[in-house]
Amino acid sequence: MDSVRSDRNGGSSRIPTALKILIAGGFGAGKTTMVGSVSEIRPLQTEEVLTGVDGADDLSGVEGKTTTTVTMDFGRITITEDLQLYLFGTPGQDRFWFLWDELSQGALGAVVLADTRRLEDCFPAVDYFEHRHIPFVVAVNCFAGARAYGAQDVSRALDLDQGTPVVLCDARDRDSGKEVLIRLVEYAGRMHTARLLDSVG
Amino acid sequence: MPADTPGDLHWLDHDAGPVVRPYAMTQGRVAPSGSDFDLVAFVVAVVPDGLSVPGLQPEHHAIVAAAWEPISVVELASTLDLSIGVIRVLLGDLRSAGLISLYEPPAAAQPHDVDVLKAVVNGLRAL
Chain A
6 MDSVRSDRNG GSSRIPTALK ILIAGGFGAG KTTMVGSVSE IRPLQTEEVL
56 TGVDGADDLS GVEGKTTTTV TMDFGRITIT EDLQLYLFGT PGQDRFWFLW
106 DELSQGALGA VVLADTRRLE DCFPAVDYFE HRHIPFVVAV NCFAGARAYG
156 AQDVSRALDL DQGTPVVLCD ARDRDSGKEV LIRLVEYAGR MHTARLLDSV
206 G
Chain B
1115 MPADTPGDLH WLDHDAGPVV RPYAMTQGRV APSGSDFDLV AFVVAVVPDG
1165 LSVPGLQPEH HAIVAAAWEP ISVVELASTL DLSIGVIRVL LGDLRSAGLI
1215 SLYEPPAAAQ PHDVDVLKAV VNGLRAL
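If you read the protein sequences in the order shown, they are chains A and B.
Just so you know, we're using this note's numbering here: the first sequence kicks off at 6 and counts up by one.
Just so you know, we're using this note's numbering here: the second sequence kicks off at 1115 and counts up by one.
These aren't lab readings, by the way, just hints derived from the structure by calculation.
Among the hints, a few may not be true.
Stated by the list, open to error - Pair by pair, the computed Cβ-Cβ distance ranges are:
1. A/ARG195 / B/ARG1135: 43 to 53 Å
2. B/TRP1182 / A/HIS138: 35 to 45 Å
3. A/GLN167 / B/ARG1239: 22 to 32 Å
4. B/GLN1141 / A/ASP180: 40 to 50 Å
5. B/VAL1167 / A/ARG47: 26 to 36 Å
6. A/ARG123 / B/GLY1212: 45 to 55 Å
7. B/GLU1183 / A/VAL205: 39 to 49 Å
8. B/ASP1227 / A/ARG179: 25 to 35 Å
9. A/ARG137 / B/PRO1184: 27 to 37 Å
10. A/GLY155 / B/ALA1179: 52 to 62 Å
11. B/LYS1232 / A/ARG123: 30 to 40 Å
12. A/ALA156 / B/ASP1150: 34 to 44 Å
13. B/VAL1134 / A/ARG161: 50 to 60 Å
Even for Gly, the Cβ is constructed at its ideal location relative to N, Cα and C.
If we strip away everything but chain B, and leave its shape as in the complex, we get:
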């Protein structure tokens, strides 16, 4: 009779999907409190992680830790392997608690500055 090996657990890999249903982390909420966040909005932690704020989940702490340096919403989602929708709800919680600052991309509302576009072209050529 074959002995139990770690190999028996191979089915539980990334392809098996999340062990926790995505929106369980948000208690079923699908929209953040307050306004929504652009995918390329930047998040910065206001306080170091480790603060004991009641009601925070491990995912909240992970966001605060990852956002010590400015990081975009989409990169945060990818880094922490959470869906965009879930990240947005959790960011809404953290914003309400005053633990993060959010910076929306300035370009989202107005036509792009021609000087910025020139800088992009020059930057791309120089790469």
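Same shape as in the complex, but just chain A:
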């Protein structure tokens, strides 16, 4: 038993670095689907039980109720033994914004899933990430039957900052989801490089 433990403490079981990516978007935009299609593990859910939080359910009439439950989806992609990506589907309801603050802390970036039939649903997510300077891409989930718009149209309609990528995708398709993540990470790299250059220039 001692030898096993000294092995572990000697570093044989290394601690991976975990990077967070947020998957945001309006209700029904395909967040859960996308987390599921790219995750190597069955997408899991976890609950955050909230206690007496401002903005939680209106308690008038049910004053005995002091907690409310939010469910978050998450998935994982192992890049190497030392590097893992965690994908978090953000809770959809506006009143859980404060959970986004925790999720976006140290996040590599975000994917905002958009449904062109209800484009306005993703405005809050776009605003959120723009204001916090968190790199994000807009992924237009091409639902069957949805009228096809070009990436340019969506970019204009959302009034995105110049350079913010817009990608057409199918949230059900693993390769399509992977491509969205690649575009996001490349974009995050460009943004960080630009900031580094700004800070020395």
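Keeping the supplied structure of chain A fixed, place chain B upon it in accordance with the hints.
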């Protein structure tokens, strides 16, 4: 008259919700002792489970057993079917007792290393 069958207990399924109120496991505490844990911080048990430390609950033991290999806080919560808030309080107890080590994600504080991002892109392409 129908006989009692196990079917009579069907109402007590997952959808019925927890039998124990979540924060009963933490004696009502909602914040961990010491600093908070990131969702993707990694937990590793320092000692094998089975140690008799007074005051530990079954959930504490379950965490130590699940964290024999490094596991992230969020996966721990999901695996043990406990809410994030509850897991954090219990992890705080275990940290205070010296039974687990916690590794915060190094990236949480600083901008991401461009080399790491390149590795992520290459890794995603290779999947």
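How the hints compare with the structure:
Distance hint check: the CB atoms of A/ARG195 and B/ARG1135 are about 48 Å apart, consistent with the given range 43 to 53 Å. Against the hinted window of 35 to 45 Å, the Cβ-Cβ separation of B/TRP1182 and A/HIS138 comes to about 39 Å, which satisfies the hint. Range check, A/GLN167 to B/ARG1239: Cβ separation about 27 Å, and the 22 to 32 Å hint holds. A C-beta distance of roughly 49 Å is found between B/GLN1141 and A/ASP180, which places it inside the suggested range of 40 to 50 Å.
The given range of 26 to 36 Å is respected by B/VAL1167 and A/ARG47, whose C-beta atoms sit roughly 33 Å from each other. Range check, A/ARG123 to B/GLY1212: about 52 Å between beta-carbon atoms, so the 45 to 55 Å window is met. Range check, B/GLU1183 to A/VAL205: Cβ separation about 41 Å, and the 39 to 49 Å hint holds. Between B/ASP1227 and A/ARG179, the C-beta spacing of about 27 Å keeps the proposed range 25 to 35 Å intact.
Here the CB-CB span from A/ARG137 to B/PRO1184 is close to 29 Å, well matched to the stated 27 to 37 Å. Range check, A/GLY155 to B/ALA1179: about 53 Å between beta-carbon atoms, so the 52 to 62 Å window is met. For the pair B/LYS1232 and A/ARG123, the supplied restraint of 30 to 40 Å holds, since their beta-carbon distance comes to about 36 Å. The given range of 34 to 44 Å is respected by A/ALA156 and B/ASP1150, whose C-beta atoms sit roughly 39 Å from each other.
Range check, B/VAL1134 to A/ARG161: about 53 Å between beta-carbon atoms, so the 50 to 60 Å window is met.
The structure fails none of the hints (numbered hints given earlier).
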